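Line by line, the protein sequences give chains A and B.
In terms of my numbering, the first sequence is residues 296 to 611.
In terms of my numbering, the second sequence is residues 296 to 611.
Keep in mind that the hints are not guaranteed to be accurate.
[Said to hold, decoys possible] Covered stretches of chain A, going by a simulated chain B footprint (3 or more residues, C-beta under 8 Å):
1) 335-348
2) 364-378
3) 523-534
4) 562-570
Honestly, the hints are just simulated from the structure, not real lab data.
Please read all numbers here as calculations on a predicted model, not as lab measurements.
Glycine included, each C-beta is placed from N, C-alpha and C at the ideal position.
Single-letter residue listing:
Protein chains: 2
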Amino acid sequence: MTSPKGRAPVLIVGSMAFDDLELPTGVFKDTVGGSATYASFAASTFTEVRVVAVVGDDFPAATLSSLESRGVQINGIERASGKTFRWAGRYDKDLVGRVTLDTQLNVFADFQPKIPEAHKDSPIVLLGNIHPALQSQVLDSVRAPDLCVADTMNFWIQGEPKKLEAMLARAHVLIINDEEARELSGIHNIRKAASDIRKRGPHTLIIKRGEHGALLFDDTGIFAVPGYPLEDVVDPTGAGDSFAGGFVGYLAAHVETDFKKPSVARARLLRTAMLYGTATASRSVEGVGTSKVETLATSDVDARVTQIRALFEVPR
Amino acid sequence: MTSPKGRAPVLIVGSMAFDDLELPTGVFKDTVGGSATYASFAASTFTEVRVVAVVGDDFPAATLSSLESRGVQINGIERASGKTFRWAGRYDKDLVGRVTLDTQLNVFADFQPKIPEAHKDSPIVLLGNIHPALQSQVLDSVRAPDLCVADTMNFWIQGEPKKLEAMLARAHVLIINDEEARELSGIHNIRKAASDIRKRGPHTLIIKRGEHGALLFDDTGIFAVPGYPLEDVVDPTGAGDSFAGGFVGYLAAHVETDFKKPSVARARLLRTAMLYGTATASRSVEGVGTSKVETLATSDVDARVTQIRALFEVPR
């Protein structure tokens, strides 16, 4: 599937949703969101995306067109009879804390990801935060991807530990936050937690720390990307999904590297992709909902990567 | 005062104390601490230190000898009749949160820093976290230092805003944490808060973020140093003071740079000193009290700086 430039398609499985957002700047109802939506828009900045998700009758055709116009193949989006998954949340004034006001699974409750035949050879797969049994099912359907990147959350860590372990054994990269890493490993120290989790399957663990950036742990060591201190954060919703989308999108655009074997080239590529994921997330939070990732250009991300790199440059 | 190598002495003013520490690993009573103690041990790794503080009859001569043996001039330490300042605190299991159980100012309540005549030409001054009026008094006593680095805390921000403003107008570098930066500026966004604070005097603002490292803001931009993810944090007490001590110590060992004018050389030196401050703090927290900074060698700090630099290196 590799183009002459080394660009490969990425398969993204996750949720598509409506979010009712209470932000310090206002209330934004029926905002299109969901992990697959954010991640697909983000990844489409870099490469061809194939998305697998479910939406209800009420999901706007305009969003689907917008995805298509960015080269996202949407034939894996099932339109089910009923309402789209809906989440409502209220953010603190500081945009760090948030409370969930309401969750309505709707058509997402019975989501069974169906991978279109033509997408089963996808070399890179992003498993968004869905039931770990469904994540494993996706892996059963695709033919030996070079790189499987997975997300999860406390809900599954607590509720489905066995299913999660089975999925983890097949994932190459796991992206979670620090609290999730502590809960998954039962270890408070983040470095020891990372070693423990990496023994369960993923060769690379990425720990997101919100405004403080992210850490990557692999066989070659630890890599730290600081959060870019923005003057105006508008809406943190989907930051993690935009990070994951930017990360896999950048990787998929550079598949000239062999993901299967540990190497300096792989370590370098994963670290550079961390910078691109961080930059993509930092662009995403500059607007409400998917407004920023929907129109994101590589030049926007490149410019932010340059700003992030400058954060840890000691002038010569 | 500059030696042929460009090494200058640093004047450190602050507290010397006993700390009763309740750590997850045990209870450690009568542990020698205080901002000037930690900062002096830390800075003495790099250069000659002159310390100004007050202790009571009960302060151990062994600590004073230990300071002297590391080239710290202790003739500015006043021994007053009465008890030494005492602080008691309990740390959470995660060593991030802590509560103050008791504070007894004792002889520190009437502290009037007296700068020995021979120390009044100190080119670099570190004003530890004491009453801002006393910090200004120290600046009245010293003759035009090249670099004045100051610390403060919420207690003075709330209680002595006028006195603090007057001191800030004369400080070149301010070192505070993110909550203090927000409180001092009245601005939540850390980047806007930094701009506001830098207008009040300091050309450089350093914002400490605990385990997440630190940010530096100056005319040339923003510099971010990640916290080094340690396998075993033992005692975070004095981490901020060790950071400040390592920071000014490194600067004092490199006074070939002109601190008075903005330049690439100054920006580079301040950033490198941030790395050394972070490394010093990360060594300090590996032991209880001052045990680690008391015996710190430049090679220990160099090794940690190398590890921290590796955190943000993308292999070529």
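So, going through the hints one by one against the coordinates:
| no. | hint | result |
| --- | --- | --- |
| 1 | 335-348 | violated (count 0) |
| 2 | 364-378 | violated (count 0) |
| 3 | 523-534 | holds (count 5) |
| 4 | 562-570 | holds (count 5) |
The structure fails to meet hints 1, 2 from the earlier list, while all remaining hints are met.
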